[in-house]
Amino acid sequence: MALTREQLAQRVAQELEDGFYVNLGIGIPTLVANYVPDSMEVMLQSENGLLGMGPFPTDEEIDADMINAGKQTVTAIDGASIFSSAESFAMIRGGHVDLTVLGAFEVDVSGNIASWMIPGKLIKGMGGAMDLVAGADNIIVTMTHASKHGESKLLASCSLPLTGAACIKKVVTDLAYIEITDGKFWLRERAPGVSVEEIVKLTAGELVVPEHVPEMQF
Amino acid sequence: MAGFNKVVTSYEDAMAGLGDNMTVIAGGFGLCGIPENLIAQIKTMGTKGLTVVSNNCGIDGFGLGILLEDRQIKKMVASYVGENKLFEDQLLSGELEVELTPQGTLAEKMRAGGAGIPAFYTATGFGTPVGDGKEVREFNGRSYIMEEAIKGDFAIVKAWKADRYGNLVYRHTAQNFNPLAATAGKITVVEVEEIVEPGELEPSQIHTPGIYVDRVILGSFEKRIEQRTVRTA
Numbered sequence: 025m026a027l028t029r030e031q032l033a034q035r036v037a038q039e040l041e042d043g044f045y046v047n048l049g050i051g052i053p054t055l056v057a058n059y060v061p062d063s064m065e066v067m068l069q070s071e072n073g074l075l076g077m078g079p080f081p082t083d084e085e086i087d088a089d090m091i092n093a094g095k096q097t098v099t100a101i102d103g104a105s106i107f108s109s110a111e112s113f114a115m116i117r118g119g120h121v122d123l124t125v126l127g128a129f130e131v132d133v134s135g136n137i138a139s140w141m142i143p144g145k146l147i148k149g150m151g152g153a154m155d156l157v158a159g160a161d162n163i164i165v166t167m168t169h170a171s172k173h174g175e176s177k178l179l180a181s182c183s184l185p186l187t188g189a190a191c192i193k194k195v196v197t198d199l200a201y202i203e204i205t206d207g208k209f210w211l212r213e214r215a216p217g218v219s220v221e222e223i224v225k226l227t228a229g230e231l232v233v234p235e236h237v238p239e240m241q242f
Numbered sequence: 024m025a026g027f028n029k030v031v032t033s034y035e036d037a038m039a040g041l042g043d044n045m046t047v048i049a050g051g052f053g054l055c056g057i058p059e060n061l062i063a064q065i066k067t068m069g070t071k072g073l074t075v076v077s078n079n080c081g082i083d084g085f086g087l088g089i090l091l092e093d094r095q096i097k098k099m100v101a102s103y104v105g106e107n108k109l110f111e112d113q114l115l116s117g118e119l120e121v122e123l124t125p126q127g128t129l130a131e132k133m134r135a136g137g138a139g140i141p142a143f144y145t146a147t148g149f150g151t152p153v154g155d156g157k158e159v160r161e162f163n164g165r166s167y168i169m170e171e172a173i174k175g176d177f178a179i180v181k182a183w184k185a186d187r188y189g190n191l192v193y194r195h196t197a198q199n200f201n202p203l204a205a206t207a208g209k210i211t212v213v214e215v216e217e218i219v220e221p222g223e224l225e226p227s228q229i230h231t232p233g234i235y236v237d238r239v240i241l242g243s244f245e246k247r248i249e250q251r252t253v254r255t256a
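The listed protein sequences derive, respectively, from chains A and B. For the first sequence, the working numbering begins at 25 and goes up steadily by one. For the second sequence, the working numbering begins at 24 and goes up steadily by one.
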């Protein structure tokens, strides 16, 4: 079975380490915050200028001056700091954020990512995504393995305009955990109950399949 | 407005001198920390042909979105503009030009503009449409594109508190682009929730020193929330 959005977030959360500063993108990446193990302390960075993002506020706590990068009302944890957008992107561009999780339309074997623009459709903008992929060393892309029409999103070469070049090394899809190195996809894990054949069929770029591909553990 | 008293008492005085075809840099992220009354004053003035530099362009009927209603904006420089229908319409009809700029690059362009740095190199956007036509240089084996600084004829800023010297502090994440915008305007106008006596702001806690600020006005704010998200207690 393909992973649900929650399971995807859960698998990504396994990549967290105690003491990590983490930036979570909008959508599935945001859900990762729900699966931080209790034994672990991580600090969430929100690129509008908040390090130490907490949960959504209660009705009483709600404050128009306290939002995240998705423009949602949030809270700050004890130990948080708040700063300007330039400071925020200095953290991001300077490589100080330990892990960045974001979604994508396409990823290719060279580690290119396309996530912001579909020609012919309305272009809303890249927000902070280009800075995040250029600045972070440790990036996880989460997305469905294929489109609704069954077209692979893991390609030999991205067809859409790029968000960043040669910057992605890890992809968690609803079917598989894949690493990118030496110009190839490497199949590391498969979703429980998903066959290697199914993954191969839906991966357009060159995929290296080891003899044994373990199932993801939850 | 003598000496170091930067406080003005009317929005007409606050935005005096703004003319057609000028560049206006605006602080704010979404609707958080936007100079909502200064924007409304620009609407009242009817100034046309503006280039507006801001992370976003408000929403229909609020924030910078209201400047689209009378087609006052000629060009928008922003990182994300997906929140208003009017924007979309004017973009598709060719009435509005848009320069999409990565958020960190936009912040740095303002910072550089205010700091007298004409341009800088960044890895952000290399190999993407953002890098098209820009100078590329390699440092330590990595490619970077050159981005130029932005300066505004006016910068419009929202802060929490100011004193008459123009020293500013911001509240929570309403800081965002505001301190950067504040440095990058030939004329920087700030609207605040409270004007305090000199000395009340702790000098080491001031976010924007008054040297960047030309005019301060006391406003009252709606502070509209774009995405109201709550948890149950």
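Simulated from the structure, these hints should not be mistaken for lab results. Glycine included, C-beta positions come from ideal geometry on N, C-alpha and C. Some clues are possibly wrong.
Some, not all, of what chain A presents toward chain B, calculated at C-beta under 7 angstroms [stated by the list, open to error]:
(1) N72
(2) G73
(3) G78
(4) P81
(5) S108
(6) S109
(7) K145
(8) G149
query = Which numbered hints are broken by the structure, listed smallest first?
reply = The structure conflicts with hints 3, 7, although it agrees with all the remaining ones.
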